[in-house]
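The lines below spell out each chain.
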Amino acid sequence: LTVPQFRLEEIGFRMTLAMDNPWVMGNAIQLEQVVINLLTNAREAVKHSVEKVIQLTTAVQDGAVHITVEDSGPGVPDAVKERIFDPFFTTKEVGQGTGLGLSITYSILQVHRGNITLLDGPRAKFLIRLPLARPSEG
Amino acid sequence: MNPATPLPQVPVWALAVGVTALYVIAGKLGLTLAFIHASVTAVWPPTGIALAACLLFGYRLWPSILLGAFLVNWTTAGSVFTSSGIAVGNTLEAVMGAYLVNRFAHGAQAFHRALDVFKFAGLAGMLATALSATFGATSLALLGYATWADYGSIWFTWWLGDMGGTLIVAPLLLLWILEPGLQWNRPKTMEALLLFGFLVAVGQVIFQDWLPVEWKIYQLPFLSIPLLVWVAFRFTPRETSTATAALAAMAIAGTLQRAGPFAVGTPHDALLLLQIFLNTMAVMGLALSAGVLECQQLLTRVQHRERELQERQQQLVQAAKLASLGEMAAGIAHEINNPLTNIGLLITNVLDRLQTNAGHGNWRRGRRPADDWNPERRRGRSESDHAHAADREGSLMDLHRSLEQVHKAAEITKHLRTFSRRAPERYGPVALHAVIQQAVG
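Going down the list, the sequences are from chains A and B.
FYI, in our numbering the residues of the first sequence are 317 to 454.
FYI, in our numbering the residues of the second sequence are 25 to 465.
Quick caveat, the hints were computed from the structure, so don't treat them as lab data.
Here a beta-carbon is modelled for each residue, glycine too, at the ideal position from N, C-alpha and C.
Careful: at least some of the hints might be erroneous.
[Claimed, not checked] Examples of chain A residues lying across from chain B (beta carbon under 10 Å, computed):
#1 Pro-320
#2 Met-341
#3 Gly-342
#4 Leu-347
#5 Glu-348
#6 Ile-352
#7 Val-381
#8 Val-427
[To be verified] Restraint-style ranges between C-beta atoms, simulated for each label pair:
#9 A:Pro-438 to B:Thr-372: 53 to 59 Å
#10 A:Gln-426 to B:His-328: 25 to 31 Å
#11 B:Gly-355 to A:Ser-423: 25 to 31 Å
#12 A:Arg-323 to B:His-358: 23 to 29 Å
#13 B:Lys-438 to A:Lys-397: 36 to 42 Å
#14 A:Lys-397 to B:Gly-355: 38 to 44 Å
#15 A:Ala-395 to B:Lys-432: 41 to 47 Å
#16 B:Lys-438 to A:Glu-398: 37 to 43 Å
#17 A:Ala-375 to B:Glu-330: 44 to 50 Å
#18 A:Asp-378 to B:Gly-465: 27 to 33 Å
#19 B:Ala-458 to A:Gln-426: 21 to 27 Å
#20 A:Val-366 to B:Glu-330: 37 to 43 Å
#21 A:Pro-438 to B:Gly-465: 27 to 33 Å
#22 A:Phe-401 to B:Thr-372: 46 to 52 Å
I would like the entire structure built from these sequences, with the hints used as guidance.
Structure follows, in structure tokens:
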């Protein structure tokens with residue numbers, strides 16, 4: 317749903333998926349919402365950048381799947397960092413966004429016993445951790 | 025020890041020398057206003073200076089205070105011993121007062137909350153000053169510079185004088201040093217000038233007997249209360265402490281000239297009345313202005329919250345709009361699915377018909393449909409037959425592609441519907457990469 321829009325806006329998209337096919341416990345629609353939210357935010361972030369690249373990776377580590385979404389946008393200002401997961405907090409103009417995207421993402425991941433963090437660094441890089449489904453469950 | 029506002033960086037030796045010098049000058053000035061004994065004043069400003077210095081720059085300044093206090097007393101009256109005793113008392117008073125205020129009343133920020141003002145008044149104003157009074161009165165009496173009979177009254181006026189220094193001078197210094205800038209607009213400046221004019225007029229009326237003698241009444245000092253309330257409500261603790269200090273200056277000046285309501289009885293009585301009045305006014309002004317400040321801060325916070333809530337409500341409206349847009353999208357996806365199914369069926373029909381009619385068309389030219397698929401026969405066709413067949417195959421190919429596109433469109437609408445549907449929260453094993461592929465599209 318998102319990559320066709322990337323192509324329209326000439327945004328480079330790179331996806332590196334883990335070799336094994338990780339299974340997690342959860343709701344597919346909600347998890348899809350999480351990925352879409354992050355990609356949509358990344359798209360907004362690179363809108364006015366010269367270099368427009370969005371990168372999505374997955375990796376399996378310590379019994380969890382790590383999904384990272386990184387964009388080549390200007391990064392997240394410190395003042396925003398503290399409040400970025402607050403409901404209704406938005407940097408967009410009124411009418412442009414609901415300010416609920418990352419908050420919803422956050423609560424979906426909580427229900428999934430996972431979490432989302434904004435990694436330190438000059439670029440916006442979000443890291444999602446989701447526990448792997450145990451073989452008995454999968 | 026912990027000034028919250030950054031102070032200009034001054035070398036320690038300059039600070040130390042400055043505090044000693046200031047202490048001596050203030051002490052000397054204070055002593056020119058001494059009442060009973062050469063060393064007892066109505067308000068002892070050095071106490072305020074020492075306390076403010078400790079609160080702003082830390083306890084390490086204690087040697088400056090000790091030296092300053094010693095110099096003041098040694099050059100005024102008494103011996104090395106009395107001066108040492110008094111100096112030790114003054115130093116302990118400042119260090120202990122600063123420690124207690126730092127520990128319990130937010131240090132130099134004590135005048136921003138009414139509760140802290142009361143703690144400041146109790147701990148630094150009443151408790152720590154008792155140390156100085158005890159050391160001072162005992163030193164004087166022990167070495168014969170005062171009689172033991174006077175011990176009680178010396179102790180008491182000493183204590184009240186240091187309290188005045190703590191409650192009137194220390195806040196004045198702390199508040200102006202921590203916040204030196206004036207940001208008044210024109211009306212505010214006018215109001216300040218008007219207030220100051222009133223204050224001076226009322227001060228003169230009360231303490232210089234500007235009214236005819238028969239109007240001289242002892243309750244006149246109450247006149248200063250409304251002015252202090254005014255400044256507390258309309259300005260900050262800084263201006264309030266300034267008004268209190270101005271009032272104190274006028275009161276002391278008047279009483280020393282044996283004018284005003286406090287110039288009654290012995291000098292000792294006058295001093296006592298004056299000290300009690302000034303300390304009461306000081307605590308009232310500081311507490312009131314701190315309370316007003318708290319209210320204002322609360323109001324600002326509430327207004328800020330309110331603005332934030334309004335913004336959030338707008339975001340909520342937007343979220344609701346997007347939600348209904350999502351439902352509409354689901355509905356439209358459903359509606360589009362029907363025509364898509366029909367188009368798919370129609371294309372399939374056309375494909376079927378073309379494939380059967382292909383035989384029919386050729387049959388008219390004297391061939392059986394099966395010939396199309398027989399390479400041997402095909403070779404015998406005419407040029408136009410070849411062109412026609414290529415044409416038809418192209419059309420068939422296009423129709424197949426169209427059908428593929430229709431299926432793709434149907435797939436997208438189907439996904440749109442599942443995605444926007446208020447999904448029952450079903451949990452189960454999910455292949456993550458499939459989810460990501462779906463999201464990426």
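Here is how each hint holds up against the structure:
With 10 Å as the threshold, the beta carbon of A:Pro-320 comes within range of chain B, its nearest partner Cβ sitting at about 6 Å, so the hint holds. For A:Met-341, the interface hint holds, since its Cβ comes within 10 Å of a Cβ in chain B; the closest pair sits about 6 Å apart. Taken as an interface hint, A:Gly-342 checks out: its beta carbon lies about 5 Å from the nearest beta carbon of chain B, inside 10 Å. Against a cut-off of 10 Å between C-beta atoms, the interface hint on A:Leu-347 holds, since the closest Cβ of chain B lies about 5 Å away.
Hint status for A:Glu-348 relative to chain B: holds, with the closest Cβ pair at about 5 Å, below 10 Å. Interface hint status for A:Ile-352: upheld, as the beta-carbon distance to the closest one in chain B is roughly 5 Å, under 10 Å. Hint status for A:Val-381 relative to chain B: holds, with the closest Cβ pair at about 6 Å, below 10 Å. Residue-level restraint check for A:Val-427 holds (minimum Cβ-Cβ distance to chain B is 8 Å; threshold 10 Å).
A hinted range of 53 to 59 Å holds for the C-beta pair A:Pro-438 and B:Thr-372, which are about 55 Å apart. The hinted range of 25 to 31 Å is satisfied by A:Gln-426 and B:His-328, whose Cβ atoms lie roughly 28 Å apart. At roughly 27 Å, the beta-carbon separation of B:Gly-355 and A:Ser-423 lies within the given 25 to 31 Å, and the hint holds. Separation of A:Arg-323 from B:His-358 is about 27 Å and conforms to the stated range, judged on CB atoms against 23 to 29 Å.
Between B:Lys-438 and A:Lys-397 the beta carbons are some 39 Å apart, a value that agrees with the proposed interval 36 to 42 Å. Checked against the given bound of 38 to 44 Å, the beta carbons of A:Lys-397 and B:Gly-355, roughly 39 Å apart, stay inside it. Separation of A:Ala-395 from B:Lys-432 is about 44 Å and conforms to the stated range, judged on CB atoms against 41 to 47 Å. Judged by the Cβ atoms, the range 37 to 43 Å given for B:Lys-438 and A:Glu-398 holds: they are separated by roughly 41 Å.
A beta carbon spacing of about 45 Å between A:Ala-375 and B:Glu-330 agrees with the range 44 to 50 Å that was offered as a hint. The hinted range of 27 to 33 Å is satisfied by A:Asp-378 and B:Gly-465, whose Cβ atoms lie roughly 30 Å apart. The given range of 21 to 27 Å is respected by B:Ala-458 and A:Gln-426, whose C-beta atoms sit roughly 23 Å from each other. Between A:Val-366 and B:Glu-330 the CB atoms are about 40 Å apart, so this pair conforms to the stated range of 37 to 43 Å.
The beta-carbon spacing between A:Pro-438 and B:Gly-465, approximately 29 Å, falls within the hinted interval of 27 to 33 Å. Between A:Phe-401 and B:Thr-372 the beta carbons are some 50 Å apart, a value that agrees with the proposed interval 46 to 52 Å.
The structure agrees with every numbered hint stated previously.
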